[in-house]
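Chains as they are written, first to last, in the UniProt record's numbering: chain A, 1 to 256; chain B, 1 to 452.
Just so you know, the hints here were simulated from the structure itself, not pulled from any lab data.
A portion of the hints provided could be inaccurate.
Here are some chain B residues pointing at chain A (derived, C-beta under 7 Å) [to be verified]:
#1 67
#2 400
#3 405
#4 406
#5 434
#6 435
#7 450
Since we're looking at a predicted model, the values are computed, not measured.
In this text, a Cβ means the ideal position worked out from N, Cα and C, and glycines have one as well.
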Amino acid sequence: MFSYVTTEGAVRKVNQDSLFAAEAEFGGENIFFAAVCDGVGGLSSGEKASGYVCKRMNEWFAEDFADLMRRGASILKIRESVDDRLHELNDSINAYAEKHSADMATTFTGILIIPQLKRMLIAHVGDSRLYKITDEEIKILTSDHSVVAQDVRNGVITAEMAETDPRQNQLTNCIGAGLDDTSYDYSIGEYSENECYMLCTDGFRKKITADEMQFLLKPSINEDEKIMSGHLEKLKNKVIKGGEKDNITALMVKLC
Amino acid sequence: MAGSVTTKLLYQNCDTFMQAGLKKKDRIDEDQLQLINSKRDIGFLGIRWEKTATRNVFKYNVSNMTALSEYIKQTMPQEKYFSIINQFQKIYEFCARTEGLSADNLLLSDLKNVYYDVERQKVFVAYLPLSENIYKCSNVVKFLSKLNKNASITITNGTVMQKYSFSLEDLMGKQNSKTPKNGGMSYAQLYTLLHDVLSIPVEDPVPAADTAADSPSPAAAAGADVPADDDGDHTILVNRRSSDCLAYLKDENNREFPIDHVPFTIGRRPDNDLSLTDKGTVSKVHAAIGFEDGQWFVEDRGSANGTFLNDFAENARRISKETITSGDVIYIYDAPFVFTVNSGDAATVIVGAAGKKQEPPKNKVKKIAYFINGSSNERIPVFVYPFTCAELSGIVIDRESNGSRHNICIENISCNSLSVEGSDVPAGEKTVIFSGCNFLYHGISYTFYEEN
Numbered sequence: 001m002f003s004y005v006t007t008e009g010a011v012r013k014v015n016q017d018s019l020f021a022a023e024a025e026f027g028g029e030n031i032f033f034a035a036v037c038d039g040v041g042g043l044s045s046g047e048k049a050s051g052y053v054c055k056r057m058n059e060w061f062a063e064d065f066a067d068l069m070r071r072g073a074s075i076l077k078i079r080e081s082v083d084d085r086l087h088e089l090n091d092s093i094n095a096y097a098e099k100h101s102a103d104m105a106t107t108f109t110g111i112l113i114i115p116q117l118k119r120m121l122i123a124h125v126g127d128s129r130l131y132k133i134t135d136e137e138i139k140i141l142t143s144d145h146s147v148v149a150q151d152v153r154n155g156v157i158t159a160e161m162a163e164t165d166p167r168q169n170q171l172t173n174c175i176g177a178g179l180d181d182t183s184y185d186y187s188i189g190e191y192s193e194n195e196c197y198m199l200c201t202d203g204f205r206k207k208i209t210a211d212e213m214q215f216l217l218k219p220s221i222n223e224d225e226k227i228m229s230g231h232l233e234k235l236k237n238k239v240i241k242g243g244e245k246d247n248i249t250a251l252m253v254k255l256c
Numbered sequence: 001m002a003g004s005v006t007t008k009l010l011y012q013n014c015d016t017f018m019q020a021g022l023k024k025k026d027r028i029d030e031d032q033l034q035l036i037n038s039k040r041d042i043g044f045l046g047i048r049w050e051k052t053a054t055r056n057v058f059k060y061n062v063s064n065m066t067a068l069s070e071y072i073k074q075t076m077p078q079e080k081y082f083s084i085i086n087q088f089q090k091i092y093e094f095c096a097r098t099e100g101l102s103a104d105n106l107l108l109s110d111l112k113n114v115y116y117d118v119e120r121q122k123v124f125v126a127y128l129p130l131s132e133n134i135y136k137c138s139n140v141v142k143f144l145s146k147l148n149k150n151a152s153i154t155i156t157n158g159t160v161m162q163k164y165s166f167s168l169e170d171l172m173g174k175q176n177s178k179t180p181k182n183g184g185m186s187y188a189q190l191y192t193l194l195h196d197v198l199s200i201p202v203e204d205p206v207p208a209a210d211t212a213a214d215s216p217s218p219a220a221a222a223g224a225d226v227p228a229d230d231d232g233d234h235t236i237l238v239n240r241r242s243s244d245c246l247a248y249l250k251d252e253n254n255r256e257f258p259i260d261h262v263p264f265t266i267g268r269r270p271d272n273d274l275s276l277t278d279k280g281t282v283s284k285v286h287a288a289i290g291f292e293d294g295q296w297f298v299e300d301r302g303s304a305n306g307t308f309l310n311d312f313a314e315n316a317r318r319i320s321k322e323t324i325t326s327g328d329v330i331y332i333y334d335a336p337f338v339f340t341v342n343s344g345d346a347a348t349v350i351v352g353a354a355g356k357k358q359e360p361p362k363n364k365v366k367k368i369a370y371f372i373n374g375s376s377n378e379r380i381p382v383f384v385y386p387f388t389c390a391e392l393s394g395i396v397i398d399r400e401s402n403g404s405r406h407n408i409c410i411e412n413i414s415c416n417s418l419s420v421e422g423s424d425v426p427a428g429e430k431t432v433i434f435s436g437c438n439f440l441y442h443g444i445s446y447t448f449y450e451e452n
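With these hints in hand, go ahead and build the complete structure from the sequences.
And the structure:
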């Protein structure tokens, strides 16, 4: 069960964020794959990059992944395949950007839930985030690839200082932007029923607190997709009221 | 000719005696025996001589005393430890300076032959009143080294402790068949070490609780130029100095190699303290860092390509032995290592941890990856590949280039429990890991992340 919200926001005219969610049935169980991408770049480059990545990853899910599942591949093999695809996308975005002398880049945060393997795979690059929300707590499962977050990790600045740091939008890693041979983060984990996972771009999370998110997105009160989308809308409006200028995108899934 | 003395403990009439067995022909010196027995308060165990047709022994009354070997197992403050050494220094000095006595007759072969009177807070040493000192039992350096090795000390001043340990190790390293009986350390040297090098001042005798009333200052006979002559019943305060001296070497990648003992050898062979196994320009044993008379030095150990200090060029001057100070750059041929003496840390640590590396200073070199220990949440930074660390011993993390991309591999060299994302990696095999990858090392979970 999933729902999403995405908007260009109050200020920007275009929405450079992209997202997709796909479900596939395999052996009587539903595999779920979703991701959000936050495009970066002038003119239309940002949304091109994010949209392209979403499209190609969706293709990967329908073709390569389906093939892997049929062959009974392990989660590590699947990860490798995602990694290969993301690097391939990185190369083609770089090639396109060079040809059109544009700046193009996108973040990518995706979650793939495979009930057959009882595992989930998280792929992540950039400053979008994946939250795990239960009735008790909310937890960030990804680490931001941004200058500010890196400084926090290295103990140069504190988390409080990070909130007001002027370098908010500087990324250390993403797909595109002329980067080559970078590595993306993956984590393989276990999941259980009655958990919510929420993917969001940086526009969604900066003006609201984690507690506010958890309050509205916890599994017990989101009984169906309509309620879920109502809660996401509510949070989105709160973000806009809070003065967010960026595009706002969030996608959540409740496992049941 | 020079043998060792055998000792054993006897219990007679409610008293405990340490008995030192002698050869039958050994001739005792009665004057010495009397002198020692009259100067017990210096710190000599009272002697009784028993000779029969079958045996020739000295008996030392050690009732109500604790063997030093046992006493030092209890954790004591550093001040106390040095006060024991200081008392010993005085006994040693008294022996050496008093006519008719010989410091070579002190029975120091084993810590259990030296006694400590807890009530009077005093050290007592057995003396062999023999006319010929044919026993090998008075090696001061060995004695102090054993003491240093076995004592459990709360360190309040790491500098002093480290300097002291290094000086002893340095002297121990020089031990050979030609070393004099005292192990090459005179009482004056010991005095200098304690008071000048370590700056351990001797205060006026502080009256102890029971004031050790047996002190008519016989030590005055020992001469006047050493102000430290008293009955040994005093408190020693360690002078806290700002300069601490836990030293370490730092390589180009800011990896740190703590110098926890001397001589600290550097070379290609894996048994070196710093082994540079992958460098062909480094000799098997290339150079060593030592500590002598309160000074650090680096010496070349006959390397093929040479060791250089602060300047490396094709025609730069090779060094053979040079003193070094913090900040000097030692070149093992072309590989630079910055020698750094850590700044002061008066934190209390147990002696076993004395060699532990201190928190590294802020790194200027960018870390390229890191591990997070799942149980302690500690971060282990990676600055260079191939990466190894003590916490993850037996495994190597390396980077492999793969066309336009790279792989990070974990190789199990000699760890008997390693699994990556749930699949076992036996010793001798390697597997690809990725940023965000979890692995279990001896049951502890670690997550690996790359920084870009």
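How the hints compare with the structure:
1. 67: Nearest chain A Cβ about 49 Å off; hint violated.
2. 400: violated (12 Å)
3. 405: Cβ of residue 405 of chain B sits 5 Å from chain A, so the hint holds.
4. 406: holds (6 Å)
5. 434: OK, holds: residue 434 of chain B within 7 Å of chain A, min 5 Å.
6. 435: This hint holds: residue 435 of chain B lies near chain A, its Cβ roughly 5 Å from the closest one there, short of 7 Å.
7. 450: holds (5 Å)
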